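Q: Sequence:
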Amino acid sequence: MLKKGKILLSVILTLVMALGIASTTPVQAADVTGSFIYGNTTDNRCFYERAVVLPNGDILCTFMRSFPPANWSTNAKSFYFYKSSDGGKTWSFVSELNSSTNGGFPVEKQGMPGLFVLPQQLGQFPAGTILFATTDWSTGPYCIHIWRSTNNGATWQYHSSLAARGTNDGITKGNNVWEPEFAVSSDGRLVCYYSDERQIGYDQCIVREISDDGGLTWGNFAIIVGKNDAPTGVSGWRPGMPRVLRLKNGNYFMAFENINCDPSYPQGVISFKISTDGINWGNATSMGTVVKTSDNQYAVQCPEIALVDDGSTYGRLFVRGMNDTCITNKCLTSTDNGATWTTIDAPLTVFRRESVGSSWSGTFLAKGNTLIEINNFFNGSFNEVRCGTGIVDSHGIIISGAQYKLTNQNSGLCLDDLGGSTTAGTQIGQWHDNGLDTQRWKADYMGNGYYKLTCMFSNLLLDNYNGLSTPGNKIIQWHDNGMDPQRWTITHTGNGYYKLVNKASGLVLDVSGGSTAPAAYVVQNIDNGSASQRWKVEQDNIVRLESKNITNTFVRHSNYRVQISHRDDFRTTPFQDSEWKIVPGLADSSCVSFESVNRPGYFLRHRDGQVWIDPKSDTALFKADATWRIKPGLADSSMYSFEAYNFPGQYMRHRDGLMWMTTISTDLDKNDATFKILK
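When the letters of the sequence shown are read in order and numbered with the numbering used here, they come out as residues 46 to 724.
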């Protein structure tokens, strides 16, 4: 669900005070990996996914099958196309395009593709015609080649080429272009946008060409983003990777990355520009508006964008980059055409590692009220191309495959497999929030608005007992049988709360008698709009800790030692090293402990004055060492400090790049011991 980046201290303290009952291991943070499309040890570095929704509702995707960090022009492979006819759940091979045999362009030198479906007839080509484009790194006369398909990607025919290669003739440099992207202008012409290294005085700029005949011929070249420093040398600014969509008001939205632009922003920060016609984008030397939240969380590099029409005035924009500063299961969203941004759950949990191409340039798609993401996930051996989905509503998004906690509005208690039973038929109830698997429900979208909800402790499904339509009928957990009593709609009713309606009965999930007592059972009842029939739906509480006094540095583990690292370090090291799950304090549930996201079962603890992550132990010493009191920030009360539970007066702090537990006396000590908590 939609969450603010900074957690208010009162909210955290209220949360941890409630987490008082823990008899089994707390639930681990779970990655949302979606459905598998492609990947293996032969094609082990797939990346740069592109996808479109076809007129028949199918999803078509393609990707590069090799990642060449040392040489971008010698080891590319042919392109595979896969499709899904069930909203991204399952995928099948459609076709292969080998540019050497289809067009005569060397296959090993084709990459950075673009994919587009004509939304209307352009020239002789009807709506639904698919255009596929590659960047060519050979020495041929053109840098971009286009193929077309008129049968949903089953076969491909060479279409045209554009972007004449640079010649070092004093007019252009002998360099290349990158990253083609298409749109149809407001006057019905096809526009191709791409990143251009050919122009003298520019390191790189974003340009466009226009076709009046559906992409057979091209012209009207113009630079739309870039800075020319030809009189004094080459500008170091590298705007690139344009992605373009049309807003509900008819304007065009272009997001792009900015390398070497403004050192006050993360390297490669994503910004956007607006055009009324898709052709003219204002002052080319302006970097546009940066995509960032009010608490300075940024979208960074390789943008993927989508607009989902949620019924609101503007719809909901989604932007994600390869190196965003937010948590790896989040992206950025705007409901006012980019005027303001917040973080929101993303369809996939990404594994950010630039050195292997992991999460490098995926794709967002809008399909009705569904946000689809196709991206790659490094599994430790190879990159898996995967698809995730989320259903967008007026409040936020529910991610298929994510784990949720359901909290009743009336009682403030959580939907729970009472007693931690694994027995089919056990009646479901409500209990205090304890952070356990008994209160974590995996929501899998089954289509047509329905979900199945699986308890993560028992692996059984939330079920309307015997499929009865009787008000007051009990709700149990049962083996997955694919039947309607195990299908639920999850509908936003306002103020962040949802009602769950059973498919078999049409009745809503309710607490029996509207009880506020722990262990009260849940039932189904006629929808009367009461608070006992409304539920808050939230994912796990994953955070990052940012240093107050060293800008853009975060608490992370490396070889089990806890330290602080600058945000740019996460281009080559796992971003999830800096993600922590807040759980009830192992020694005192009124405090907190921090569990590593990518090393489940390892907790942040002090040892001999140093801070490490160690595997959980049941000893009293370990539990005490891994428990921290949350205090108002010693240097800034709007932030937070963490006092050792068993050493009052000593605090977690950084010094010389490492994390320690020490007493605090000087102003420097206080600053070193003060952190922002970001979600």
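Simulated from the structure, these hints should not be mistaken for laboratory data. Only a predicted model underlies this, so the values are computations on that prediction, with no experimental measurement involved. Glycine included, C-beta positions come from ideal geometry on N, C-alpha and C. Any given hint could be a false lead.
[As the list claims (entries may be wrong)] What follows is a set of in silico ranges between Cβ atoms, one per label pair, in the way DEER data are often shown:
#, residue 1, residue 2, range
1, Gly574, Thr321, 40 to 50 Å
2, Gly654, Asp131, 48 to 58 Å
3, Asp381, Gly539, 15 to 25 Å
Q: Taking 48 to 58 Å as the stated bounds, is the beta-carbon spacing between Gly654 and Asp131 within them?
A: holds (56 Å)
Q: Has the hinted range 15 to 25 Å been met by the Cβ atoms of Asp381 and Gly539?
A: holds (19 Å)
Q: If I claimed the Cβ atoms of Gly574 and Thr321 lie 40 to 50 Å apart, would that claim hold in this structure?
A: holds (44 Å)
Hint check: no violations occur; every hint is consistent with the structure.
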